[in-house]
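> With the hints as constraints, model all of the structure from the sequences given.
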Amino acid sequence: MYPIDEAAPYPRNQWYVAGTGQEFTRDILARRILDHPLVFYRTQEGEPVALWGLCPHRSMPFELGQLRDDELVCGYHGFAFSREGACVSIPTSSQISPACRVKSYALVERGPWVWIWMGDGEPDHALLPDASDIGLGADPSGWRIDITEPFVMQARAQLLIDNLLDLSHLAFVHNKTVGPAPIALAQAETVREGSRLFVKRTMEDEPTTPFISYLMPDAGDRVWNELITDFYSPGLINAGGPWVWKSRPDGSRGEAVAKLNFVHVVTPEGPNSTHYFGVLTRNFRLDDDELSLAMAAQNDAVRREDIIALEAIEKIVDRHGDAKREISVKADEGALMIRRWMRKLIAEENA
Amino acid sequence: MYPIDEAAPYPRNQWYVAGTGQEFTRDILARRILDHPLVFYRTQEGEPVALWGLCPHRSMPFELGQLRDDELVCGYHGFAFSREGACVSIPTSSQISPACRVKSYALVERGPWVWIWMGDGEPDHALLPDASDIGLGADPSGWRIDITEPFVMQARAQLLIDNLLDLSHLAFVHNKTVGPAPIALAQAETVREGSRLFVKRTMEDEPTTPFISYLMPDAGDRVWNELITDFYSPGLINAGGPWVWKSRPDGSRGEAVAKLNFVHVVTPEGPNSTHYFGVLTRNFRLDDDELSLAMAAQNDAVRREDIIALEAIEKIVDRHGDAKREISVKADEGALMIRRWMRKLIAEENA
Amino acid sequence: MYPIDEAAPYPRNQWYVAGTGQEFTRDILARRILDHPLVFYRTQEGEPVALWGLCPHRSMPFELGQLRDDELVCGYHGFAFSREGACVSIPTSSQISPACRVKSYALVERGPWVWIWMGDGEPDHALLPDASDIGLGADPSGWRIDITEPFVMQARAQLLIDNLLDLSHLAFVHNKTVGPAPIALAQAETVREGSRLFVKRTMEDEPTTPFISYLMPDAGDRVWNELITDFYSPGLINAGGPWVWKSRPDGSRGEAVAKLNFVHVVTPEGPNSTHYFGVLTRNFRLDDDELSLAMAAQNDAVRREDIIALEAIEKIVDRHGDAKREISVKADEGALMIRRWMRKLIAEENA
Numbered sequence: 267m268y269p270i271d272e273a274a275p276y277p278r279n280q281w282y283v284a285g286t287g288q289e290f291t292r293d294i295l296a297r298r299i300l301d302h303p304l305v306f307y308r309t310q311e312g313e314p315v316a317l318w319g320l321c322p323h324r325s326m327p328f329e330l331g332q333l334r335d336d337e338l339v340c341g342y343h344g345f346a347f348s349r350e351g352a353c354v355s356i357p358t359s360s361q362i363s364p365a366c367r368v369k370s371y372a373l374v375e376r377g378p379w380v381w382i383w384m385g386d387g388e389p390d391h392a393l394l395p396d397a398s399d400i401g402l403g404a405d406p407s408g409w410r411i412d413i414t415e416p417f418v419m420q421a422r423a424q425l426l427i428d429n430l431l432d433l434s435h436l437a438f439v440h441n442k443t444v445g446p447a448p449i450a451l452a453q454a455e456t457v458r459e460g461s462r463l464f465v466k467r468t469m470e471d472e473p474t475t476p477f478i479s480y481l482m483p484d485a486g487d488r489v490w491n492e493l494i495t496d497f498y499s500p501g502l503i504n505a506g507g508p509w510v511w512k513s514r515p516d517g518s519r520g521e522a523v524a525k526l527n528f529v530h531v532v533t534p535e536g537p538n539s540t541h542y543f544g545v546l547t548r549n550f551r552l553d554d555d556e557l558s559l560a561m562a563a564q565n566d567a568v569r570r571e572d573i574i575a576l577e578a579i580e581k582i583v584d585r586h587g588d589a590k591r592e593i594s595v596k597a598d599e600g601a602l603m604i605r606r607w608m609r610k611l612i613a614e615e616n617a
Numbered sequence: 267m268y269p270i271d272e273a274a275p276y277p278r279n280q281w282y283v284a285g286t287g288q289e290f291t292r293d294i295l296a297r298r299i300l301d302h303p304l305v306f307y308r309t310q311e312g313e314p315v316a317l318w319g320l321c322p323h324r325s326m327p328f329e330l331g332q333l334r335d336d337e338l339v340c341g342y343h344g345f346a347f348s349r350e351g352a353c354v355s356i357p358t359s360s361q362i363s364p365a366c367r368v369k370s371y372a373l374v375e376r377g378p379w380v381w382i383w384m385g386d387g388e389p390d391h392a393l394l395p396d397a398s399d400i401g402l403g404a405d406p407s408g409w410r411i412d413i414t415e416p417f418v419m420q421a422r423a424q425l426l427i428d429n430l431l432d433l434s435h436l437a438f439v440h441n442k443t444v445g446p447a448p449i450a451l452a453q454a455e456t457v458r459e460g461s462r463l464f465v466k467r468t469m470e471d472e473p474t475t476p477f478i479s480y481l482m483p484d485a486g487d488r489v490w491n492e493l494i495t496d497f498y499s500p501g502l503i504n505a506g507g508p509w510v511w512k513s514r515p516d517g518s519r520g521e522a523v524a525k526l527n528f529v530h531v532v533t534p535e536g537p538n539s540t541h542y543f544g545v546l547t548r549n550f551r552l553d554d555d556e557l558s559l560a561m562a563a564q565n566d567a568v569r570r571e572d573i574i575a576l577e578a579i580e581k582i583v584d585r586h587g588d589a590k591r592e593i594s595v596k597a598d599e600g601a602l603m604i605r606r607w608m609r610k611l612i613a614e615e616n617a
Numbered sequence: 267m268y269p270i271d272e273a274a275p276y277p278r279n280q281w282y283v284a285g286t287g288q289e290f291t292r293d294i295l296a297r298r299i300l301d302h303p304l305v306f307y308r309t310q311e312g313e314p315v316a317l318w319g320l321c322p323h324r325s326m327p328f329e330l331g332q333l334r335d336d337e338l339v340c341g342y343h344g345f346a347f348s349r350e351g352a353c354v355s356i357p358t359s360s361q362i363s364p365a366c367r368v369k370s371y372a373l374v375e376r377g378p379w380v381w382i383w384m385g386d387g388e389p390d391h392a393l394l395p396d397a398s399d400i401g402l403g404a405d406p407s408g409w410r411i412d413i414t415e416p417f418v419m420q421a422r423a424q425l426l427i428d429n430l431l432d433l434s435h436l437a438f439v440h441n442k443t444v445g446p447a448p449i450a451l452a453q454a455e456t457v458r459e460g461s462r463l464f465v466k467r468t469m470e471d472e473p474t475t476p477f478i479s480y481l482m483p484d485a486g487d488r489v490w491n492e493l494i495t496d497f498y499s500p501g502l503i504n505a506g507g508p509w510v511w512k513s514r515p516d517g518s519r520g521e522a523v524a525k526l527n528f529v530h531v532v533t534p535e536g537p538n539s540t541h542y543f544g545v546l547t548r549n550f551r552l553d554d555d556e557l558s559l560a561m562a563a564q565n566d567a568v569r570r571e572d573i574i575a576l577e578a579i580e581k582i583v584d585r586h587g588d589a590k591r592e593i594s595v596k597a598d599e600g601a602l603m604i605r606r607w608m609r610k611l612i613a614e615e616n617a
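Protein chains in written order, with my numbering: chain A, 267 to 617; chain B, 267 to 617; chain C, 267 to 617.
Any copy will do: because identical chains look the same in the list, a pair fits if it lies in one copy or spans two.
Cut-off 20 Å, straight-line C-alpha distance, at most; resulting in silico cross-link-like pairs (EDC-like, lysine to aspartate or glutamate):
#1 K581 <-> E329
#2 K512 <-> E492
#3 K442 <-> E329
#4 K581 <-> D301
#5 K581 <-> E535
#6 K590 <-> E272
Since the hints were made in silico from the structure, they are not lab data.
Below is the structure:
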């Protein structure tokens, strides 16, 4: 499947965001992730629960069932399941086979999100992305976090990953919403560090743009500015920028002003569709709700522009796309690295 | 195909309901049954006719044609066909090849329905279900018959058959419309008699429920009550109940009070969709139109609840359902018997 | 694929109409033809351009891009292409690989249409249909040409070709819009001349019909009348008629009165859908706009009737249609000839 060339178009042994913490309530939430039907809820004590979404009796989606205390009751014949997935009650039978159970999934709630492990074997907590550097760790102090509107995009996850790893598209897909952003077309530096990858563009000692002045009124007349894609994992990518430093009189990089981050959460729904969550984080004007509203509006428009583009590609890419024959340039370096790495991960999982 | 494991998901050598008698008129009715396009109409004398639905000339659906006396005239180039399916006129040709014909199907009009034989060879009239015991024989006297709203359900027929053979689902799928019905969770007795199968639940000498008092005001304070699934054929299943007898002072079963029947007609439209017809019959309060209206409203809501459940299962069952690994319990005994029998029928038909 | 029995359901080495000249503007027009995504526009000088519709970089549909002078700029990362399809600019790169290009297609603008060659090798101009005899050549003088409403029909092109080669369907599909047209059921004479095929029906010295009197008030009381299908190419078919001559007193064919032509343009969008363009031409009452409006209204209704019929056939033909077993009659002679010829063309293209 373009552009990965393996049957499975995404790695399985990863943490993915199942939803925001707010979505986990005492109502049953059904969601397809990695093409598996799942249901989510919270126990009375507030613990998030993830279970396989279909009753093992007659395949009824649990979405049509209900909660009874901490148990999930199927809406067809009333089979009830514990939060661990064991069948604990069958209305027409006093005997319960131990085979009557559904898979439960490890969850970790951190910051605004609940992460799920759907991989093989025990969850590998070392793989849980650590985004504490942009305010998304255990301690968010010093950061403003605004959750964005969630989308389900009718396009494969890799198209969104490719998109985020080449921000030169800002100048075209988003030229009306973002406005002129010369940094987007600056030469990019691509660095791989472990599983993380940075694609960084820098403007050195340039006149402060109107957008930076609007965001950071005390930035001064000349600044250093960075636009960075930070690939934490296949499920978490930050498009950071502007990141601003004052210029010293000699033009060298001076005091840090502030950072704004457009954080993109990519959770495959299935091979051809993607849950697209996100947050904005910033380490300045923390209490400025109006700024948050303005940025949310712009960000929402920007994400919709990407979705239009990626859904248009999705519609034709299986018939006409061929990663081997496509034309790539320097700006694709980061995306190509990640594709190679993901192909390797997926191949190993399926070996 | 779940849960039958044969290419064909339904037996062919059976009588199925093609429609209610009222649907057979002097207008052409097109309907897909067992995945074949058919057309129906009545002759001027009132005889129902069933023909293959496509013109043998250029495959035009006869649905877009018209009747000329008792002949069916194709709406494309005017080829006309007798009720036996022979081409009797071609506007541009005086010669008619004997190969120019369409299949006609045997029909039997009985009670509210017209039954069709689409099986191999001559129609086997011994297989026509005899439901005279619930008012659907040649003589309906003593019974009130109310035809229910017809549905086309986007789910395979077997899911509906499974559903009807385990009425414990009343307590969950229909708990809001039907209300508490403890009998639905009573132990079921399953009996196979020839091609017919009964799943019977009995409440012996219990206080009369409000629903029974509402239906049968003269039932008395204590009653015997039966809830029965009567599988006449893959196309006709009765969910009978309440069937009520007065209790004698010693608690034994006394005089019969009355029977109410929810009759379910299951006609596969294709592998993944089903014509779902039905009637209600009762042998009490025959002239009470208000009772009929009230029961029709409840019955309509109940059928819609089943359709929601079965369509939800249909959507995922081909990807995640596996009859071999599903968990079954005692209450599934009737459905499992019927599945085995139907697998055998289908295998023999395709041998 | 019915009825051609080759994988490709249409010949490739033909000229097809890409659109009317009016559709080629300074806005990008995206259209799928022969199942390939294409884009069209006009240069600033007015030359029509046709290019493969997807950017070779990341498969973005050019439909979401824009024009910059005569260049097409991709809406994703700004790659720009000349009208010949060469990449001429990449915003993030000063180097451009010669492999970075898209196919451009030969176009010929003639009369109301722009024709495209999507075949193998150099365009074969000898295959461009010459319809100058019905006013569609380089010099349209003496003819009135009215462009009809374009349709995209959800049916394979061959069904429309079959339809047009047997006009006996006028008496059935169009009996309400066209009215009685006995000529449609007259014996047809079928003549193949090179790649062109004529199916001609003639009424000799008959009383003038009301429709002919309405069109041609000076036709007289008795006329000769022809109804003709003229198959110029798989993409251009004229349904000509009435073509009228006055009768001489001895009943022989006298002076020509006038010709009316319903010209049908058939451009496969993909295997199961078809761009259906057209014009009406006539060599009488050239300035009569009211006549044009009246004929356009009738023609529009007639085409919609055909579309309803052909879309109904399309829906079932792959499951139930079989060209080998269908019943054909004398009136199908022209269609069968053309099918054989097209099968041969397609087989040769794929040899």
